[in-house]
Amino acid sequence: MILLYHICRRKRRVDMNRNPKGCSNIGGPAAARLEYCRNKALKIFSTYGYRPFSPSELQLVEDVWDKLSKSRARRLIALNSPFGEPCVLRGDLTLSAVAYLSSHYEENERPLRLCYADRVFSVPAPPKSNLEENQVGIELIGWEGSGTDAEVISLLFRTLDELSIEKSIVVIGDMSVIGRLFEGLPEKSTELLISALQDGGYTTYSKILDDTETDEKKKKLLRALPLLKGDCSVIGEAMLMMEDTSVLMPLKKLCDSLCKLGYSERIRIDLGFIRDLGYYSGPIFNAYSSVTASLLGGGGRYDGLLAKVGMEGEASGFALNIKELADHCVDGSPSPKIMLWCGCSDPAEGLRYADGLYKKGISFELSWTADKNESINIAGLRKYRYWADFSSKQVTNLLTGQITDLADFDREVLSC
Amino acid sequence: MLTFALPTGRSLEDCIEILEGSGLPVEKLKNRGRNLVIDEGSFRYLLSKPSDVPAMVHYGAADLAIAGNDVVEESGISLVELLDTERGKCFMAVAGTKGVAEKFNGNTCSLMGLKVATKYTRIAENTFNSWGVQIKILKLNGSVELAPALGLSDCIFDIVQTGSTLKANGLMVIKETAPVSLRLVAGSGSVQLRWRSMFGVVNAIENYVKGAA
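As given, the protein sequences belong to chains R and A, one line each in that order. Residue numbers for the first sequence follow the numbering used here, beginning at 1 and rising by one. Residue numbers for the second sequence follow the numbering used here, beginning at 417 and rising by one.
Derived from the structure by calculation, the hints contain no laboratory data. It is possible that part of the hints are untrue.
As the list claims (entries may be wrong) - Here are the simulated DSS-like cross-link-like pairs (lysine-lysine), alpha carbons at most 30 angstroms apart as the crow flies:
{"no.": "1", "chain 1": "A", "residue 1": "K444", "chain 2": "A", "residue 2": "K626"}
{"no.": "2", "chain 1": "R", "residue 1": "K308", "chain 2": "R", "residue 2": "K337"}
{"no.": "3", "chain 1": "R", "residue 1": "K43", "chain 2": "R", "residue 2": "K359"}
{"no.": "4", "chain 1": "R", "residue 1": "K207", "chain 2": "A", "residue 2": "K531"}
{"no.": "5", "chain 1": "R", "residue 1": "K217", "chain 2": "A", "residue 2": "K626"}
{"no.": "6", "chain 1": "A", "residue 1": "K626", "chain 2": "R", "residue 2": "K218"}
{"no.": "7", "chain 1": "R", "residue 1": "K188", "chain 2": "R", "residue 2": "K218"}
{"no.": "8", "chain 1": "R", "residue 1": "K188", "chain 2": "A", "residue 2": "K535"}
{"no.": "9", "chain 1": "A", "residue 1": "K444", "chain 2": "R", "residue 2": "K128"}
{"no.": "10", "chain 1": "R", "residue 1": "K337", "chain 2": "R", "residue 2": "K323"}
{"no.": "11", "chain 1": "R", "residue 1": "K128", "chain 2": "A", "residue 2": "K626"}
{"no.": "12", "chain 1": "R", "residue 1": "K70", "chain 2": "A", "residue 2": "K552"}
{"no.": "13", "chain 1": "A", "residue 1": "K555", "chain 2": "A", "residue 2": "K531"}
{"no.": "14", "chain 1": "A", "residue 1": "K626", "chain 2": "R", "residue 2": "K219"}
{"no.": "15", "chain 1": "A", "residue 1": "K626", "chain 2": "R", "residue 2": "K70"}
{"no.": "16", "chain 1": "R", "residue 1": "K207", "chain 2": "A", "residue 2": "K626"}
{"no.": "17", "chain 1": "A", "residue 1": "K555", "chain 2": "R", "residue 2": "K21"}
{"no.": "18", "chain 1": "R", "residue 1": "K372", "chain 2": "R", "residue 2": "K359"}
{"no.": "19", "chain 1": "R", "residue 1": "K21", "chain 2": "A", "residue 2": "K531"}
{"no.": "20", "chain 1": "A", "residue 1": "K626", "chain 2": "R", "residue 2": "K220"}
{"no.": "21", "chain 1": "R", "residue 1": "K128", "chain 2": "R", "residue 2": "K217"}
Turn these sequences into a full structure, and let the hints steer you where they fit.
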């Protein structure tokens, strides 16, 4: 009978491990790191006046379809709600934030600063296979003056620094530069040139440019511009190639502000960086870990999207992939240090001591098993540093084996 | 150090010729034996199965790579295509018997449900979709030309260099769909972060291939 019970139990556990393809459960230290990054980022955002926003996971197809580019819309996961409404799983948090602002706030209440930590869903682009992604980010919507982009990018740097991802780099481009330079070209050519840059097809871009009717001087500039990538001096190089440099001034001012804040070594400029024209409309950026060259997240100015919901003004924001942050975060989550064994003690006494630890900000786990050895083993498995026997009032350092009185431990270790 | 991913097989000699012509060190690469990772000067060469080259670049194992645009497109991985080397030229095509070729001259309705054997399933599907034609795909990993003769498919979708293999198997090119050649590619992250260290090499390769063309 007991054997049958164990077989059934084991089988049930196997069944529960199966997730839909593209989805995953995250537990153990990885989940703790995710939580740490999420909480830390949200704390920074709220300190800077960003208010939390929790959008619905389902969005009506009619609300999102015409706001996104075809390639992004195609990656949305569509479904019918149980009430028969055609919906998509939320593929974009910015869209939700903008829709919320446009319908819930009057003009005089702007600008609005929103932050979120939530999941987004999309059909994965190869070679990825995940349908869902945890994101944390901010949106600064409806500010009419300068400072928006500098605030958003400096907050991005601040977040990465606070998460100890110090070797991070932010690559900045400006959609308005390319947009302005394409002015006067045939509409069809402009469309193809943008699409080629967006797809990273520099060969295609060059071929289309060869076939485009425009003067040779402009062609030369358009050919050179996407290849201007590097530190802030790139803007100066671009200025030397242009007659009217005013189009580069906003980007220059933004870089100057960020350099004054001490980020000059961590900024890269990419004048061929382009993303979803019509949605993004000014500076855009990607954040990378310079150690692994992994993309941590990105963002940019999306006045174009704002205009699509009938609002004037500027909007900027970023989203970071929490899993990438957790993978690159050096500190990680402060896991509990102490296993507090109360198996042979009065529960109330144990809980009172636990309250004291909580007030000191010390993480712990209570162990109620009557078996002392089992409790020690679990503490070892979970890599706790200390195991405290509340009945004998003694604490064992699990790394060194040294035993200390609980009172001395309180005084010498916990007070540090 | 810049890392190049290079495809093993018949394209490798073309790749070595391009690199050597561009002034990159290739002596060890020429005498590689069974080594798959070759460090030479300030370069590292990773030799990989052609279909794995895009992933090598995407995951950051290599900064640059030379790969056929057929392989990159089939992988579905988004890479930055920096240069067409004009080497390894061939084309992507639908091929079949005369009987099937006649169907392609008529209304696209006659092509609906066509059985197509290919190792390029993604490109085949996209190509026929762009014509508004739904097809049944038979995925084969090699000797695709056999499929029509064995009655497994109506036609094939493959790369064609000289057409002699097609001819030997009683097939003909029905429709050329895209040119194929070796391309210099990079990951978007590498391009954004390491462009300054890549630029000289990309420029040298461009000058060589344009000069030699």
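query = Keeping to a limit of 30 angstroms between CA atoms, is the pair of K444(A) and K128(R) held or broken?
reply = Between K444(A) and K128(R) the Cα gap is close to 34 angstroms, so the pair fails against 30 angstroms, i.e. violated.
Pair hint outcome, K372(R) versus K359(R) [Cα-Cα no greater than 30 angstroms] = holds, 26 angstroms
query = Is the hinted pair K21(R) and K531(A) satisfied, with a Cα-Cα distance of at most 30 angstroms?
reply = Within the cut-off at roughly 28 angstroms; holds.
message = Run the distance test for K207(R) versus K626(A): straight-line Cα separation, threshold 30 angstroms.
response = holds, 14 angstroms
ask   = Does K308(R) pair with K337(R) here, judged by a C-alpha cut-off of 30 angstroms?
value = violated, 51 angstroms
query = For the pair supplied as a hint, K128(R) and K626(A), is the alpha-carbon distance within the 30 angstroms limit?
reply = Since the Cα atoms of K128(R) and K626(A) sit roughly 35 angstroms apart, the hinted pair is violated (cutoff 30 angstroms).
task = Given the hint that K626(A) pairs with K70(R), test it: the Cα-Cα distance must not exceed 30 angstroms.
result = violated, 36 angstroms
task = Below or equal to 30 angstroms on CA atoms is what counts here, so check K626(A) against K219(R).
result = The given pair, whose Cα atoms are some 19 angstroms apart, holds under the 30 angstroms limit.
request  = Decide if the proposed pair is consistent with the structure: K337(R) and K323(R), CA atoms, cutoff 30 angstroms inclusive.
outcome  = holds, 24 angstroms
query = K188(R) and K535(A): Cα distance at most 30 angstroms?
reply = violated, 34 angstroms
inquiry  = Need the status of pair K217(R), K626(A): alpha-carbon distance at most 30 angstroms?
reply    = holds, 21 angstroms
query = CA of K555(A) to CA of K21(R), is that 30 angstroms or under?
reply = Holds - the C-alpha atoms of K21(R) and K555(A) are around 22 angstroms apart, at most 30 angstroms.
Hint check: violations occur at hints 2, 4, 8, 9, 11, 15 and 21; the rest are consistent with the structure.
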